[in-house]
Structures are given as structure tokens and as C-alpha cells.
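In case you want the letters, here they are:
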Amino acid sequence: MKLTAPLIYGLIACILLVSAPHAEHLPLWVSAICSALLAWRAYLTWSGNPLPPRWLLLVVTLACVLAIAATFRTLFGREVGVTLLILLASLKLLEMRAVRDVTVLIYLSCFVIITNFFYSQSIPTALFMLLTLLVIMATWVHMQTGDLAFRPRLRIAGILLLQAIPLSLVIFVLFPRVQGPLWGMPQDAYASSGLSDSMAPGSLSRLSLSDAVAFRVVFNGREPTREQLYWRGPVLWDFDGTSWKRGRNATLQRPVLTDATAPVDYTVTLEPHNKPWLFVLDMPAKISIPADLAPDFQVLNRTPVNARTRYSATSLLSYRANLGEPPQQLQRALALPQGYNPQARKLAAEWRTRSDSDMALVQTALGYFNRNGFEYTLEPPLLGTNSVDDFIFTTKKGFCEHYAGSFVFLMRAAGLPARVVTGYQGGEYNDLGGYYILRQYDAHAWAEVWLRDRGWVRIDPTAAIAPARIQSGLNAALPDNATLPFLARTQSPLLLKLRFNLDALTNQWNQWVLGYNTERQFAFLTRLGMEDITWKKLAVDMLSGVALLVGIFTLLMLRRLSVRQADAVQALWLKACRKLEKAGLPRAPHEGATDYAARIAAARPELTEEIYDLAARYASLRYGGEAEKDGLAAFRNAVRAFKL
Amino acid sequence: MSHPLHAVITQTEQVILGKPRQIRLALTCLLARGHLLIEDLPGVGKTMLAHALARTLGLQFQRIQFTSDMLPADILGVSIYQRDSGEFRFHAGPIFAQMILADEVNRATPKTQSALLEAMEEHQVTSEGETRPLPVPFFVIATQNPTNQIGTFPLPESQLDRFLMRIQLGYPDAQAERGLLAGVERRDLIAKLAPQMETAELMDLQQQVRQVFVSPALLDYVQSILRHTRESARFVHGLSPRAGLSLLAAARAWALLDGRNAVIPEDIQAVLPGVASHRLQSVQDVQTSDGDKLARELIEAVAIP
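Taken in order, these protein sequences are the chains called A and B. Mapping of the first sequence onto UniProt numbering: residues 1 to 644, in sequence order. Mapping of the second sequence onto UniProt numbering: residues 1 to 305, in sequence order.
No wet-lab data here; the hints were simulated from the structure. Heads up, a few of these hints could be off.
Said to hold, decoys possible - When the alpha-carbon atoms are kept at most 25 Å apart in a straight line, the in silico SDA-like pairs for lysine to any residue are as follows:
(1) A/Lys575 to B/Ser224
(2) A/Lys575 to B/Leu219
(3) A/Lys579 to B/Lys293
(4) B/Lys293 to A/Asp595
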């Protein structure tokens, strides 16, 4: 085996393919150096020039490691590890002297494939890596076979991959799972966006520019109407003049629902967002995973959600929420920072005197928003220090956080306990998969006020200005020229169908491949009839499954090798040959029966007659034209009788 | 053994001493309706073999000595103007015979060589727009000097492929040579040879060759051999499908000569050096590749399935 030019090009292609997806997050200079190294190697191969001397490689390597250490300020951790791996793999290409180096590079490429899944586990990534693996296998086959043409090489690689499918399936299904994400490391910080624990003007409208999936929901049984789809997230209490924050609950008392009816069951698959909150419909009653119900009906996971999480929950759509709210909490729901927004306070005080009930006050406020030329827009003008005053009296243009925030401000100023609730509203129904998709642009903010006889009541001021937002989604509520994420716009039915198909596929992938965790595994195996599942049992089953499959493959291959030997005549002849072989007269593989017989006759004259008889019978049975009726039986008897 | 063939072999062996294998191969070639190329030094009995076979089989015999100034018309014939009748009449060339000995075929120019080889392939001659069939049976024994001798035009591989077999005679062993030296003049012997077979009989035998049975197991063996030549790094080219057909045809004839009506692997092995040696080329040294040695290696490399 020689290090031929095509083999080198194959290896360059392998390294290029495995590191290409990393370019997205590698430092720019690393990508540049890697490309330069690969190009250099390709040029050397093409021109036939010798490889660079060892000392030069050593210097370049040291310089690269130092530069990485300087960039990351450490040499440990995932990012640094991946960067080092890719740089060193590119450098290794320049110091290939023996077959051993090719093997190292092939293994290295396979390893870098895995690192790609640290960053993305989507279907396209998986498909791309599968393709890359095919190229790596083809290169490997190239190394083993030498001068085979490209197509047969690819074919062998493909067959090898296909043969690996049953094995990988067994290992995938049975490999004992650990809790937590398969590809995540504990310190993983997801850059993914989502609702945060504070809300300032502009924070939700920024979020609405993203069409990333927040979560998917399947309803079991009755589906609520669109106007009821308020997915509750962080509840914000504390206002400091510009932003709303969650603050600290003054009590640990569990909230109480009374007269609650209209239960809805559903299952949520939540994308990781690195915050503890789980999204549930107003108001949650039951949830399938261990989580805490905060006094303000927020459902909080015990740890930040940094892996895709699936949970079932039951919510009650009609309720009286926490009639007995403790006074400290009500106090929080009335607190306002001193000195801000004097005009809004004045307006609220005026409403208070005019309204004879709390509900009338709420109606007055909603009516005010509805009548005074307020506009719903993604691009609101900037607001000054007195943001609520500016918004209500000057700009009158805002997104849901403006309306929810100023509404709660006005209510508190008028003496009615109120709070901001953020979350998602609505969702897009995928009728192919039968589930709702909630994307970041479905993020929403609304208000809750506390009425003495009804508890916390949801009021959505946005619905007063742009009812379409609640009934049909963001797109319907905004003017046509608004900059919306591509997916939020109305699309042709064909595109929509394609999109739903893709998302349904992604959902299956998430549920069954990425989300195949301990519970899924146990549930699946129990359904297959396995009992008392322990990880030891799984390991044993997996190993026996692998052994079984390898055994089956081996048998199949052996069978194909010896398909001719199944010939009964030949089997008998080989039996006779074995007898002679034991006597020290083995037949050469290329030796025909008659030639062999002649040789035996020369060596052991006493066998002459018998061996010639056998050879003649064999030749006529195996190569002769007319099949003799009892030929085979006679031959069998003759072979049996043949003794040395 | 079928007796007329037995008689043919015995009689030829009396003239050509110590070469039973080559005689059988030549006869095999004739029965399989192929043509034979003998490559050897001058004076080892190439002409004798051809002549003796022709006499024994009762075939018309013509010998064409090839030279470098020979033209196709010298072989095929020409039309000559007849003064008395006032028209052209075709004067058939020496190729119009049942058995042709084309001596030193590589001394002629490629143009003349191809005229012969085309006639061999088509079994007819086209001259001046008229096509004339050659006699039946039609069998060519061409001889060739080793190609490293001066003044030769080596036959290209594509034309070598037209010969069913290429054999070498080689020097006789000591005993045969003694018999040769002590015995009577060979030429007189040949003149006295009596035909042992009618032409119709020979053609009937040729027909029988086609009926010899070939079992699937044997086809597997032939295919293994062909595959091995194509996959092995030892050879420049693998054997062509035509070579495979030739191999089978020759093996059938060999089996018939042996008095069997089915081909066995030994038949293949017996004819393989003759059929394959001029079609195989070693990768290692193209100049001095010994076809026979390659064929023997090939036999030993392929197991009988």
C-alpha cells in the first residue's frame, strides 16, 4: 500500500467534511489556518513536492497551540478541545509518512464527527455526518484495497454502513441510558433564546424576530380554543421604572384553585432554554415530572432545562385562582417606584374615582387603549425615563410588553393588585403531526388583576388593541410590511404543507431519537414484553443482541462462500479427499479428480482400482451429461466403503 | 477412443517423434474449427507436423512461405486477362486449400498478414468485388519465428486472438532425437502416409465436438479462471469472453479426443496453456513473458470449484 495522490485527496476531503460544520463557531483565524493547511497539503500532493520538514511542523504546531491558549485562556474544555482536535488533524495531514498515519487520520475523522453533535443534533446534521462517514469509509476502503476504482469503493463503503444498521439499532435501543442529555455536558450554556426573567420595552418584540421552536404540544382529548391558549411562563411582579422583574415571592404557600372546571390534558416537548420554567396552560393542576408550583402558579423545574424535556400536564381552564392571596403578596402587587410617570398616576386616580367597581376600572382602562388611537407594532419608538407616560400620551405605539406593562402600572396606580405574566400565546397547528408548535415569535405578555371575589383574573390588553393577535397569531395583527421572521408570514398552502411535513419529521426525530431517554427506553422495552429492566440486564441483552447479529452475518457470509459446497456430489468427493488427506496425500485445490487419482495410484498402487472408480463416478456425476438414476447413491456407498 | 482419430494420432506420432502432446493439441484445434499458431525456432518440425496431419487426414495441403515483399494477391489470387476469350479469369491463390501452412507469417508486412487473417476469420475471400468461399474444412497452421529475430513484423495482439491456440514444439528429447537421426528420411515417410479419414468423417467429428456436454460446475470453473485473470494484478489484461469461448471449444475437442462426451476440469487444464498463453501478458516483464509459465501459474492459482 502506497500513499498515492487519490488517497491523500480522500483524506483531505474527510478532514474538510468533518470540520466544515465547526467553522460556524470556531475562531475565524482557526478556520483560516485549517483551510490554508488543507490547501497546502493538496498543492504538495498535486505538485509532487516533498512534505515540510519536521522542525517547521513543530514550530507551526507550537504556534497554533499557543495561539489557542491565548484565544481561549485555557487548554481545557469542550470548545478548546474541539479547536485543538481540528487544528492538529489538519497538521497531521502534513506529516504523513506511513500507512499508520492514514489509519490515525481516519479514526480522527470519525472522532471529529462525534464532536459535531455537541453543537447540533438536527436531522440535517445527522444526514450530513452520515454522508461524511460514507466518504471516510470509502477512503478507508481505498487504503485497504489500493487501486480499486471510485465507484466500487463507494459501494463497499455503503455496504459496510448498511451492515452496521442492525447493530446500531440494537445498541441504540438497548444501551443503558444515563439521565440527562446524551450530547450535553453539565456546563453547557445554550445560546438559545427564550423568555427571560425580566421584561423591558423591546424584549419581547426582539424575541418575535426568531422563529426558533420553543415547544410542541399534543392535546390528549379536548382541545381548547385559540383564545384559551395562554402558555404561562414567568410571572413578573417588581417594576423599577423601566423593566419588570420576577422578584421574590413573599410566601411559599401553594396557590389554591377553587371552582375549577374544564380540565385539559396535554403533553409538552420543551426545547432546552436554560431556565427553570416550564410552560403550562392557565392554570396548571398536575404535571408529570418533579417540578414546583410557585405561589403565582409558575411551574418551575428543579434545574434549568438544558435538555429537551417532555412532560404531561393537566390544566383547568375555568377557575378562581387563589382567593386567599396573602396580604404581603397583594402588597407586592400594588408596589410602584416613586417619582415615575406622574401623568399616568393622575389618569389612574381619575379612573378610580369614576369607577364604582374594580371590574369597571379594568373596562375603563381597556376602553382607553381601544379608543385613543393606539397601534400594535413590532417597531415601537424609543421611550424616555417616564416610559409609561411617554407610551400612553405620546407615542401610542407598542408591542404586547408595552400594553401589558402600562396596563399593570395603571391598575396598581388605581389601587388594584396586578401583575405581568409572560409566556406564549396561541401556536401553529400541524395537522400532519396533530400537534401545536410554539415558536419564539409566539411569545406574549399579558396582565392579571386580583379581584376580591374572583381571585386572579387574566386581562389581555393586547386583545383590546389587536384582537387578531390572539385569534389568528402575530401575522394577522401586524401590517403587511412589518419585518417578521419568514415562518411567521402567511405562506402558500404548498409551502405550508412542506413546512408542516418537515416539522412533523423533526418532531418524530426529537421524540424517538434524541428524546429516547431512560423512561422512553423502559416504556418501549416493557411494551416489547421485557420485565424488571435494570441497566445490567440491558447491558447483557445488548451484548447478546450484538453477538447474535454478528453471528448471523458471519453465517450468511460463510454460506455465500460455500454455496458450491452444498452440492451433494462434491461434498462426497471432498469426504473421500479428506480420507486421503489424513493418509498424507492431500489434493491440491486446482487438482482435478482424474489427475488426483493418477497421482494416488502412483503413490499407493494398491488403491489404483478404487480411486479410479471414485474419480470416474465423481466426474460423470458432477460433469457428465446424463444423470444416472442411482449414481449418487452408488457414489455415496463407494465413498463410505473407501478405507485406507 | 474413437478409432479413426486413434489411427490418425498413431500414424502422426510415427513421423513426429516424441511430441504426442503437441500432436493432440493440433488435432484438438482442428476439431474445434480453430486455427493454430506454432511459434518456434526453424527446424524443429513445424512443417513436418502440418504436412503429416494433412496427409493423414486426407486434406488438400498448400504451403505458403511468407516473405517481406509478399502482396495480398500472392495469397488470395488474381484475375488475369485471357486473350483468347477476351475476359478476366480468376486464378485462385494458394489459400484455396483445406489445410494451409502459413510459414513464417511474421516475415510478411501487416497488410499481407491481415489478408490471411481475414480469410481465416471469414472462411471466404473477397477479391475484386467478388466473394469466393474457401474449401471446407479450412484449417490454417501458421508458424512464427521468435519475435526477437531480425526482419519480423510481430502479429498484434488483436490478430493473435484469431488463433485458437499457440503451441511451441521445442527440441525433441534424447530418445526421440536418436530415433529421428537413426530413422529414414522424414520426407519419404510423409509421402508414404495413407489417409486415415474421409473429409466427411472429419466434419462429422467437428459436429460431434459441439455436442460434448458441459456441466454448470465446469462453467463455474471456467468463469473462476476468467475472473482470476481479470482481477489478478499479475496480468496486463484479463482473458476476453472470446478467449473463454475458445477455451470451452478446445476443451470439448480435447474431451472428444479422449473419448468422453462430457468435459472435465482436466480438459480445461490441458488446453489452457495453448489457448491462453498468447493472450496473457505478465505485468512484471513484458519483454520476456513466458505464456506457458503464466498459464501454469494460472492453473495452480484457481481452485476447482
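- Could you grab the alpha-carbon distance between A/Lys575 and B/Ser224 and see if it respects the 25 Å cut-off? 23 Å, holds
- Going straight from one Cα to the other, do A/Lys575 and B/Leu219 come out at no more than 25 Å? Roughly 23 Å separates the two Cα atoms, so the pair holds.
- Can the restraint linking B/Lys293 and A/Asp595 be considered satisfied, given a maximum Cα separation of 25 Å? Status holds; Cα separation ~19 Å.
- Task: Quickly compare the C-alpha distance for A/Lys579 and B/Lys293 to 25 Å and report which way the hint goes.
- Result: Distance of about 32 Å is beyond 25 Å: violated.
When the structure is compared with the earlier hints, a violation turns up for hint 3 alone.
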